[in-house]
Every structure is written in structure tokens, then in C-alpha cells.
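Start from chain A and add chain B according to the hints.
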Amino acid sequence: MEPVEKSSRTRGDPGDEMRLIARVRAGDQQAMSELYDRYAKVVYAVALRVMQDAAAAEDVLQDIFLQLWRNPDAFDASRGSLAAWLSVIARHRSIDRLRKRRPETDIEECVITSGPDLRDETERTLVVEKIRGALAEMNPDQRTALELAFFQGLTHAEIAEKTGEPLGTIKTRIRTGLQQLRARFA
Amino acid sequence: MHDEDGVIVMKTHEQFADDLALYALGELAGGERESLEEHLHTCAACRRELQALRGDLGLLGLSSSGPQPPGAARSA
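If you're matching them up, the sequences are chains A and B in order.
For the first sequence, numbering that gives the first Met the number 0 begins at 0 and goes up steadily by one.
For the second sequence, numbering that gives the first Met the number 0 begins at 0 and goes up steadily by one.
Just chain A, with the same shape it has in the complex:
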């Protein structure tokens, strides 16, 4: 992919993301390069946090953008943010690799409907700060359960064993922790 000069105008326009995806669907490599420049950092950050290995995280990064290039229709632009979608796909793929298993979730099946508008880069920065704030204020036990489940890919049974808490408590902490994040944007 050739480097693409980024302009503040295009990066701040939410509709531009949809136009870029439409261009990728039409086979436009330059549009793909621009999407990569915008979101590679999001994918790499999640993959690196999950895998704790730069080379393995890079493999996940390449794999995900290659899949997006080959099958851009897997992302439903009308339903949510590409950044949020890519972050979840990065988590799932990283954990699949850690467990040395075949991908369990097809990217087509992973529909992310995000509340806040994450397509605008400025808005996204504010949203990310808000999410981090919500996590910082969360009950530490709840935050730990969420992070172990999402970023370390532990099952609820593994988390229960690690923390010494009942299974049901862990399940509820994961669910209510996610709902607390959502409530920040209600």
C-alpha cells in the first residue's frame, strides 16, 4: 500500500469513513491505505495487549486488514463504527491465535452497533477518554473481571479460579461492567 497524505478535513468528516469503505468495496487501494493509517494503531494496540508479543500482534494486524480488503462487506457501515468493530475483531483473532484454534467468530457475524459516533477522530478521542474514565472509576474487582475476560481471554471459570470468586459473581461482573461503560453514553 502506498502512503496516503492525510488531511484534517477528511479525517474529521464522519461521512468520509463510509465513503472510504465504499471505495474499498470498489477495489480502491488508496482508500484501503487511508483506512489502515487511521485504524492500524487501534488494531495493533488491542492485539499487542492480548498477545504481549509484537511479532504476533503484527501478524494479527496484517491478517485483519487483509480480510477487510478481501471482504469489505463484512463490516456493516450503517450500524456502527469501524474502529470499534476492528478492536473487537482484533481481540477475537488474538485470542484464537493464543489458543491455537481456528477462528471461532466469522468477521461477518461480528456486528458492532456502537452508541457514540466514533467515525470522527476528534469525537473518538473524547469517547476513548470517557471510556478510560469509566474504567478508572469502576469497582476494581469489576474492572479486573472485564479486563481478564476481554484482554486476556480468560473464561469466566478461569477468572473465578484466579480470583477465588463464585462463577455467578464473575458472570454478573462482566455483564454489569459492560453495561456501565454503555451508561456513560446514554
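Rather than coming from a laboratory, the hints here were simulated on the basis of the structure.
Hints are not guaranteed to be accurate.
Said to hold, decoys possible - Now the in silico label distances, taken between C-beta atoms and shown as ranges:
| id | chain 1 | residue 1 | chain 2 | residue 2 | range |
| --- | --- | --- | --- | --- | --- |
| 1 | A | Asp-72 | B | Arg-46 | 32 to 40 Å |
| 2 | A | Ala-21 | B | Glu-13 | 37 to 45 Å |
| 3 | B | Ala-28 | A | Thr-121 | 24 to 32 Å |
| 4 | A | Gly-26 | B | Glu-13 | 33 to 41 Å |
| 5 | A | Phe-184 | B | Ala-43 | 21 to 29 Å |
| 6 | B | Ser-64 | A | Ala-182 | 39 to 47 Å |
| 7 | B | Leu-39 | A | Leu-166 | 18 to 26 Å |
| 8 | B | Ser-64 | A | Thr-162 | 19 to 27 Å |
| 9 | A | Thr-162 | B | Gly-29 | 19 to 27 Å |
As the list claims (entries may be wrong) - Some chain A residues judged to face chain B by a derived CB distance under 8 Å, without partners named:
| id | residue |
| --- | --- |
| 10 | Ala-83 |
| 11 | Leu-134 |
| 12 | Leu-145 |
| 13 | Arg-174 |
Quick reminder that beta carbons are idealized off the backbone N, C-alpha and C, glycines included.
Chain B only, in chain A's frame:
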């Protein structure tokens, strides 16, 4: 579905709530997964909540920050 002792357990709508988050994470397996998927076919409220939880996972994923990815990946 069956519990760990093989006893048939019927879950109520409310009892599926916690399973939805695990399902969104891809961590629900076996009978619990089958049971939830069966319930999702008939419960619009749970389908909506599952979508919302998937969106919440997207928010959680965005909370990560890290170094710039290596340049080599870009040429793939």
C-alpha cells in the same frame, strides 16, 4: 440444557442475562451456548441486548493504547 450434574435446568429469560455477555465474548460453550441461541431465536429483547453488549465490547477495545505498529505490516 443440563447442568454439571446432568440435571435438566430450564432457564428463565432473566437468567440468560449474564450468559449474553459471555456469548458476546465468544466464551459460552456447549449446552449453555445452545440453550442461549435457542432463546435468542424467540426473544427480541435479548437480541437487542446482545447487540448492545457487542457495542460495549467495542468501547472496551478502544480503551487500549500502544505504540505505532511496525511499518512492515502496511505493505501486506
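Comparing the hints with the structure gives:
| no. | hint | result |
| --- | --- | --- |
| 1 | A/Asp-72 to B/Arg-46: 32 to 40 Å | 22 Å, violated |
| 2 | A/Ala-21 to B/Glu-13: 37 to 45 Å | 42 Å, holds |
| 3 | B/Ala-28 to A/Thr-121: 24 to 32 Å | 41 Å, violated |
| 4 | A/Gly-26 to B/Glu-13: 33 to 41 Å | 48 Å, violated |
| 5 | A/Phe-184 to B/Ala-43: 21 to 29 Å | 22 Å, holds |
| 6 | B/Ser-64 to A/Ala-182: 39 to 47 Å | 23 Å, violated |
| 7 | B/Leu-39 to A/Leu-166: 18 to 26 Å | 22 Å, holds |
| 8 | B/Ser-64 to A/Thr-162: 19 to 27 Å | 25 Å, holds |
| 9 | A/Thr-162 to B/Gly-29: 19 to 27 Å | 23 Å, holds |
| 10 | Ala-83 | 3 Å, holds |
| 11 | Leu-134 | 6 Å, holds |
| 12 | Leu-145 | 7 Å, holds |
| 13 | Arg-174 | 4 Å, holds |
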